[in-house]
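Assemble the complex: chain A is given as a structure, and chain B must be docked to it using the hints.
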Amino acid sequence: DGGITQSPKYLFRKEGQNVTLSCEQNLNHDAMYWYRQDPGQGLRLIYYSQIVNDFQKGDIAEGYSVSREKKESFPLTVTSAQKNPTAFYLCASSINRGHTEAFFGQGTRLTVV
Amino acid sequence: SQKIEQNSEALNIQEGKTATLTCNYTNYSPAYLQWYRQDPGRGPVFLLLIRENEKEKRKERLKVTFDTTLKQSLFHITASQPADSATYLCALDYTGGGNKLTFGTGTQLKVEL
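Taken in sequence, the protein lines are chains A and B.
Be aware that the first sequence starts at 863, since it is given in the numbering used here, and climbs by one per residue.
Be aware that the second sequence starts at 979, since it is given in the numbering used here, and climbs by one per residue.
Read the hints as simulated data drawn from the structure, not as lab findings.
The beta-carbon is built from N, C-alpha and C at its ideal position, and this holds for glycine as well.
One should not assume that every hint holds.
[To be verified] Within a straight-line C-alpha distance of at most 30 Å, the following computed DSS-like cross-link-like pairs (lysine-lysine) qualify: (1) A/K933 with A/K919; (2) B/K1049 with B/K1078; (3) B/K995 with B/K1037; (4) B/K1037 with B/K981; (5) B/K1041 with B/K995; (6) A/K919 with B/K1049; (7) B/K1078 with A/K932; (8) B/K1078 with B/K995; (9) B/K981 with B/K1041; (10) B/K1037 with B/K1078; (11) B/K1078 with A/K945; (12) A/K945 with A/K932; (13) B/K1049 with B/K1037; (14) A/K919 with B/K1078; (15) B/K1041 with A/K871; (16) A/K945 with A/K919; (17) B/K1041 with B/K1078; (18) A/K919 with B/K981; (19) B/K1088 with B/K1033; (20) B/K995 with B/K1049; (21) A/K932 with A/K871; (22) B/K1049 with B/K1035; (23) B/K1088 with A/K871; (24) A/K933 with B/K1078; (25) B/K1088 with B/K1035; (26) B/K1033 with A/K945; (27) B/K1033 with B/K1049.
[As the list claims (entries may be wrong)] Coverage of chain B stretches by chain A, computed from C-beta distances (three or more under 8 Å per stretch; other residues unrestricted): (28) 989 to 999; (29) 1015 to 1023.
The shape of chain A in the complex, shown without the other chains (with noise of 0.2 Å):
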């Protein structure tokens, strides 16, 4: 089945250590998104990548870093210098030709202990 999948799904860290998530998607997209969500706060943008060894920054990409050596993976590292980094980060594709909907996968919720 072509989807987006991130791992883990849940994830734990303790304070001043960095943490990856994983992003994959087999669905042959060009784009691929980090956002952000925390309650009532809607979706944030990290970063995005619209090409293979390019990416940008969203609307807050402080304390956070991204790769993108392929095209079907997009990791997410959170580094120690995110200040408030318990959130729910979610990993989104979409074809990079118009404007054409975006999949997600379901999603990774950071913990800091």
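Relative to chain A, chain B alone:
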């Protein structure tokens, strides 16, 4: 920056009635507007897309309108069912190429028997 407003208060309606959700935006008009459904703890799922030159779009029991003069989109669910209970997100796309969706905070809909 662009601001998207959705009613943060939950909308409670009776089964069989029509639910109407509102999405208002400020500043310049987007080229495209999308509506997504999100269930608790899951990623959003695409429902409908409407272009700036379209006034109305329908899909089964769903209808979306787009008024660029009022800077508003209305999302209607006719003959609502308890299974329609979810959070509905409005998303706007402004870029000239590819997708960079900006999301509203969403409105929670509860359909009661």
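* **Hints that the structure is at odds with (numbers, increasing)** => 8, 15, 26 and 28
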